[in-house]
Every structure is written in structure tokens, then in C-alpha cells.
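Colleague: In case you want the letters, here they are:
2 protein chains.
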Amino acid sequence: MCARTARCAVRWCRRQFISISNSRGCISNFFSGDRPALRRTAGNERRITMRYDDETRRDILSRLSGFRLKHTLGCEKAARMLAQQYGEDEDKCAFAMLLHDITKTFSQEEQLNLCEKYGIIPNDVEKTEWKMLHGKTAAAIAADVYGAPPDVVHAISYHTTGCADMTLLDKIVYMADYIEENRSFDGVKTARKLAARNLDKALLYGLNSSLRDLIHRGKQIHVDTVLARNWLLEHM
Amino acid sequence: MCARTARCAVRWCRRQFISISNSRGCISNFFSGDRPALRRTAGNERRITMRYDDETRRDILSRLSGFRLKHTLGCEKAARMLAQQYGEDEDKCAFAMLLHDITKTFSQEEQLNLCEKYGIIPNDVEKTEWKMLHGKTAAAIAADVYGAPPDVVHAISYHTTGCADMTLLDKIVYMADYIEENRSFDGVKTARKLAARNLDKALLYGLNSSLRDLIHRGKQIHVDTVLARNWLLEHM
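Top to bottom, those sequences are chains H and B.
If you're matching positions, the first sequence starts at 432 in our numbering and goes up one per residue.
If you're matching positions, the second sequence starts at 432 in our numbering and goes up one per residue.
Among the clues, some could well be false.
What the hints assert, rightly or not - Distance condition first, Cα-Cα at most 30 Å in a straight line; then the derived DSS-like pairs of lysine-lysine:
hint: 1; chain 1: B; residue 1: K650; chain 2: B; residue 2: K562
hint: 2; chain 1: B; residue 1: K650; chain 2: H; residue 2: K562
hint: 3; chain 1: H; residue 1: K632; chain 2: H; residue 2: K508
hint: 4; chain 1: B; residue 1: K620; chain 2: B; residue 2: K508
hint: 5; chain 1: B; residue 1: K650; chain 2: H; residue 2: K632
hint: 6; chain 1: H; residue 1: K620; chain 2: B; residue 2: K650
hint: 7; chain 1: B; residue 1: K558; chain 2: H; residue 2: K650
hint: 8; chain 1: B; residue 1: K650; chain 2: H; residue 2: K650
hint: 9; chain 1: B; residue 1: K624; chain 2: B; residue 2: K501
hint: 10; chain 1: B; residue 1: K632; chain 2: H; residue 2: K650
hint: 11; chain 1: H; residue 1: K558; chain 2: B; residue 2: K620
hint: 12; chain 1: H; residue 1: K562; chain 2: B; residue 2: K558
hint: 13; chain 1: H; residue 1: K562; chain 2: H; residue 2: K501
hint: 14; chain 1: H; residue 1: K624; chain 2: B; residue 2: K508
hint: 15; chain 1: B; residue 1: K501; chain 2: B; residue 2: K535
hint: 16; chain 1: H; residue 1: K650; chain 2: B; residue 2: K562
hint: 17; chain 1: B; residue 1: K624; chain 2: B; residue 2: K558
hint: 18; chain 1: B; residue 1: K562; chain 2: H; residue 2: K632
hint: 19; chain 1: H; residue 1: K558; chain 2: B; residue 2: K650
hint: 20; chain 1: H; residue 1: K650; chain 2: H; residue 2: K558
hint: 21; chain 1: H; residue 1: K632; chain 2: B; residue 2: K558
Hints were generated in silico from the structure; no laboratory data involved.
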């Protein structure tokens, strides 16, 4: 896909999501236009069955471009590697990674429209740091538009913050996002080494680094990140 | 007071509190023994009126010894200084400081007995880091035994963690505990300088340093500390 086509796809994707977000209870707008129609159960416009396959993968990737596309492919690769190593379902991990940043480039207004549509109530931190909402809005899109199963939806929802009682799938999605091959921040090599040896130690390293970074930058801290770390310290 | 007498006083104090903690709905045991009886309203054994005066001060200080006594006196002095500078009630600040660590040396069993007596439900962090409970148990003693007013009780309760919507009294108590003259940790001089210029900046410095320290030591983080910092960033 050339850069221009990719940009058009992103604009199209954004338009469609916003169309969704303004049409309570109806997602048919999402499937209008030039995108391939996705599978639905016969006679039920609301119920969509979907799984991770080549057609879905192509459809999702066609909505991404530039660094976001590169990062998503890097995440998919890292998640498959971690899934193999720690014994999680590879396709579920890959499916979560393909969708985890699907709303990342959306504006504040677009995020809030999706929150309204899907009944997501932003907490105090998310009202200020509204970009954090992309995890929850992407999870809603994953469930509603792509028919992702609940465990994949949960992993997408908490891929930025972490949470208490993280499943293996949650941990893999969080860490794949953190260590994928396009990341180059200080400490990413240490995180990769830890992830290859001990997923919980890598997760603690990631949570600690994120907290230190937020403190350093004077940014608010999401309570879920603290709950994730407290829970991990209690159970590792 | 000689060291031996001081140790006896601490043991006495601990015995009396535990006596309280095992006698639901009755605090008369606290006033038995050789301590001076404290003022009560006539005909009402449960209602105790009390204020910050020399007799109360002597009574509280007689229950402390060693570093805890020295630290409490340092806190009282720092709190009076901050109260003068920022326009808060000096006696309230001093009263809160005298009582803030009154249960600090208690054992886990003693803390939990007081929690049971006063209906304090430890959260997940406090169950593990049970020493954090001393703020809440000291606040309960301050209200029940010393008749401290609600704003003083609140400041004592959150003197270790901070909380959202901190009052000026809360901030002064938190900072006086942090910067009092006997403290010697890295960064205390910076905290003192900040406190002399801008209480909110000093508070943010204290919260950030506490969070960094907990991360460094692999300790759980109390959610109230994060809520305090988020609220402060939003309002300063």
C-alpha cells in the first residue's frame, strides 16, 4: 500500500468509527463504503462472528499506516513469540495486538464520542490524559466491530495501564507492546532480556519504568497501573 | 524523663490502647492506672471534650520516647512554622503532629485490634504493609480518646499517604512530618526550601520522592498517594 492510499484508509477508518459513534445502536455504517463486508450471522444485523484470519488481518492492517502500522506488526510478532514461549493462544495474542492501537490516532472529540456510544465513563485521569482512552475505545471496537472474545477485549482494554489480576494474555499483550522491535527507549533491551526469561519480572520492570517516566514528566498516574504493580508484587 | 521511665511509659501506653481495643464500646480502661484523668462532659462517659493545651500536650508526650518523641517534637515545631507562614490554625497543626505517630510502634496484632474496634477496614496494601495503618489508628485514637476535631482527625489519617482534596491542614501535617529538623534523608534540604516558598510544590516533591522510594524498594504503593498526586497536578 502506498503512503497516500494508507493515509486515505486511515481517514476512511476514522470517518467510519465516528459514523458509528454518532449512531447509537447501529453499526451498519461501519460496513458501508469500499471496505470488504465482514461475516455476520444470518438474520441478525447486530451479532457478528469473527475470528483471527487473513481476511480480518488484512482489513485491520489496511486501516493503519506509518509508524502505527509498523508498530502494530512489531507487536504482533513479539506477541506470537511470547505466546509460544509461555504457552498462550498465538492467534488470540496476535488478534489483540492488531487491534490494540486501532483508535490511537483519534482526536479527543472522537475518543469521547466512542466513549458515549459504548458507555465508557472516563475516570479523572482519563479526562485529563484523554489519549489513555484509546485502550478502552479500541477494546470496544474489537468487541463490537471485530467480534473479539472477552479475554482479547480485556487485554486490549488494559494494554496501556495494566490492571490487578492480569491473565497470561493480558501480560503478553502489555509486554509485546513494550518490547516490540521498533521500540528504542532507554531500558528496552533490559526489558527484552527479562521477557525472554521471566514474564512477571519483565512486567514489573515495565510497570516501574512507566511509573518513573510519568513521575519524571509530571503526568498523572492511572490507578490501574498501581493496582497492577501491587497485585504483581503480592503474587510473583 | 530517663530512658527507663520512657520505656515504661511506652509499655503502659501500649497496654492501655490494647485494653481499649479489646473492650468494644468502652474506653474507660484507657483512663485507669496512673495517667491523669482527662476532661469529660458531665454524665456522659462516651463524650470527651478536649483541646490542645499544656496538660494534653504533656499527657501525649509522656506516651512517647526515644526517636519517636524527638521526631514528634520536631514535627510540632515544623507544623507551627508552616501554619504561621500559610495562615492555618497553629494549635490544630500542633495537636495533629503530637498525635500523628501515637500508634506507630504498635505491633501488627495491636494495629488490627484497633482496626476492629474502630471499624477500620484495611485495604489490600494495608493488609501487606500493615505499618501504614498507624495513620488511621492514630486518627481513631485522636478522635475517640483525645476528642480531636474532624479536620485534625482527617489530617492525621492521611499524614503518611496524602489523599485527593487535601486541605491546608492536611498539607501542613504531611509536609511537617516530611521536613522536620531530625530528618536527614537525601532531598530533605530541597523539600525544606520548597516548603518555605510554595507548599504545593513541596508537597508534589514529597509525593514524587515517596513514590520513587517505594518503586526502588519494591514496596506496594497506596492508591491514596497516587490520588493525592493526581489531584495536586490538576489543581496547582
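Colleague: Run through the hints listed earlier and report the numbers of any the structure violates, in increasing order.
Modeller: 11, 12, 14, 17
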